[in-house]
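Asks: Assemble the whole structure, with the sequences as input and the hints as a guide.
This is what each chain is made of:
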Amino acid sequence: MVFVEYEKKDSFMHRLDPRSKLILLVTIGWLYILYLEPTPLIILLVMVIILGHLSKLPWRKVLKRISWLAVLITITFFVLSLWVTKPEMFTRIPRELASKVIFQITPPGTPFLGYLAITYGGLLYFTACSIKALLALLVACIFFYTTSQSDMIQLLSKLRVPHTVTFIIMAAIRFYPVISIRLQEIVLAQKSRGWQLGGLNPVKLIKSLVPLTIPAFSEAVILAERFAFAVQCRGYGLGKIGFLREFKFTKADYAFCTFLLFFTALMTILWYLYGVGML
Amino acid sequence: MRKDVIVLNDIWFRYQGSQTCALRGVNLRIKEGELVAILGRTGSGKSTLLRVISGAIPHFYNGVLKGDVLICGMCTKNVKLSELARYVGFVSEDPEVHIVSFTVEEDVAFGPLNLGLPKDEILKRVKFALEATRLKGFEARNPYTLSGGEKQSLAIAGVLALLPKILVLDEPTSMLDPSGRARVFLVIEELNKKHGITVVMATQATEYVFKKFPRVIIMDQGRILFDGSPRELVKKPSLIKAAGLRIPQVAELAYYLERDGLWKGDIPLTLDEAVRGLVEVLRSIKYSKELPSKFLHGKRSPRRGRREIAVEVENLYYTYPGGIEALKGISLKIGRGEMVAVIGGNGSGKTTLARCIAGLLRPANPTSRIIVHGMDIRRLKMSEIVKLVGYVFQNPERQLHAFTVYEEVAFGLRNLGLSSVEIEKRVSKVLKILGLEPYRDEWPLGLDRGKQLRTALASIIAIRPKVIIVDEPTTGQDWTESQYIMRVLRELNSQGITVLFITHEMELVAKYADRVIVLHSGRILIDGTPREVFQRQEVLAKTGLEPPQITKLSINLARYGIPKGILTVDEMRKCLSEVLRYGVR
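Chains A and D supply the protein sequences, listed in that same order. Okay, so the first sequence: first residue is 1 according to the numbering used here, each after it adds one. Okay, so the second sequence: first residue is 280 according to the numbering used here, each after it adds one.
Honestly, the hints are just simulated from the structure, not real lab data. Accuracy of the hints is not assured; some may be wrong.
[Said to hold, decoys possible] Which stretches of chain A does chain D cover? Using the computed rule of at least three CB atoms under 8 Å from a CB of chain D, they are:
1) 79–92
2) 141–155
3) 231–237
The beta-carbon is built from N, C-alpha and C at its ideal position, and this holds for glycine as well.
Replies: Now the structure itself:
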């Protein structure tokens, strides 16, 4: 998994109602879309780091998990920033400064690639996008680390996702480790008879997958059949599924959500009236 | 008077697409609070019978059902399966298919939540189910972190929370190690005795059934062959043989002694009964205490020490990606042509060790060494390793993919690039060895589990590896099939192939292995001949293992001069015959 898995801990974020955490995702997501300039994004990043601290997030593990993705995203944004050369792309910072070239890669009118250069505006765009990527990864980590799978299922139910869909998602999440282990078994079993993946030739590759796909499909069908029978034997289908421990919106949730909504509203107004966060 | 909770009147059932009937005119009545075991070969109709009782037939499995099935007075045809759940709880052999939720408590609550019960009632039922299945204190645990026995107990707790009157269990212990089995049997016994739940269980664990179950039903070819008490059953050895049943070793011993005119009383069902009976006889005669032990001299001596090395493992450590340390510094040598049993509880490292030897798992530790027939496994390609070590997986259905048995067996040979003439020659030979010739053109996944395992084994034997490793060849197999597979392995071994087999069946270990390696928490606990290993009961107990019943009998009779290390019924019979024939009354 890219993000850290849920761990049962006693932290401020763990205690929050998953709906509050959903509001956090939505508000941060909104500001994420809004802002293109690094300064307010740094403020958001600091806030998220504080929230991470309040979640008792295992930082070393988090950085290990997201580092390769962060590097990949950073490289991608850097490459994209090379196209940020036109002054009309900038509204808030002086266009002459934004489009000032630090290093030219291809001259204007180059076929296919166009005009590529490292500009001040491009660097700002690159920095902002990288911070945004880090922000998104950290928020996702906080959410997954502090919300149990059963809370997520209950959250879907509260969001009025149909009961059958919720149950299918629950079964899929629950069966993932079982199917994953059994798939590994199938691969090992075929390897023990000299099976190898069929190289780069697409026909050979597909043909070589047959010894994996047939047992995998058969295993999945058997599992699904047995599971369907097992849940019916436990009364599934008699009524709407409930949850043993329902969420409860506490004072801390009200305070947290009020702060989030107030902060988001303020930042949106600043963006709208004064162009805060625009490039 | 107790009323009938299960009534089956002239039941016939044929699965959709099948030509033959799985049940043929079954009549059965089971009273409230009864404890009933269903025994029989694989494919005898046990599971189908349980499906009929649980309502899976006709609601879940399609086919033609004739006759009436009444559960607590209700005809199952007229009641929804989920509604029947209030009366019958069903638990299958695979506990993982029963896990629905993310914590033990939520999982147990799943059923009562479906019934729409008030929260207080649900919590009360969850508490009851967890206590009854000895899972109290596990509430917040992720079900996947439980051991096999605990997972099966959780599956039972899940249906128990619906407060059913009947519990139907289909081979609930077939995937468990001995300690897991003991746990599940204890739970089942308590549910029946303390809570009065009617239990109907299909199983191959006859030793337990003969000890605890007052009623036994034997199925054969879709019919009830026998319905009565174990005491009545043991009086019918021909019927037991016809049904391919495994009977307690002490009963088998008594049959032989009775035939030789050396046993007069009732056939014993349990170890205690056999000990009592034999002590009485041994006390009544005078004999030299050396007389019985003379018999064992020179039998089943270790074959190690004077052979070339087939497998050498040195300082083997293996840690899974999740951080679980499966092997912690294993070092061992296996001689060419040895037949070695690797035993231990679930999670002891047996499979990991075997897979490392077969090159399927590569240890990261640079100081670990695995040498097979002089070749360093870690430096070989998989295509080279398979010619040295063949590995037969526990679940054959997870590797069968071809449309005919022939093609399945030829799969490994084609991967090695052998000519079609050579493939034809080898496959034909192996099919003959494993009795698969009649099934040559059949679809492997359509065969019974025993034939599936034979097909998987055949596909490895055809490659002609120098070492064959078989992982739990008896899981999900009946006794006849288990014995068949072991005889094939013994035959291969006699041709010079080194065989390693992993099993929880101590009777098979005693009968077929030259050497036993006991693993515990990733380390070798004992390594010796079966005779040496099974005498160390207290060390074995650490791993939840027990010696075979006949060895326990010999240990119990040690003070009467019977040697402690008796491994098979035949050895005990010969030993006792010596005493009983030549002793003076």
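Asks: All the hints need checking, so say for each whether the structure fits it.
Replies: Right, here's what the structure says about each hint:
1. 79–92: violated (count 0)
2. 141–155: holds (count 3)
3. 231–237: The restraint on the segment 231–237 of chain A holds, since 7 of its residues have a Cβ under 8 Å from chain D and three suffice.
Hint compliance for this structure: hint 1 alone is broken.
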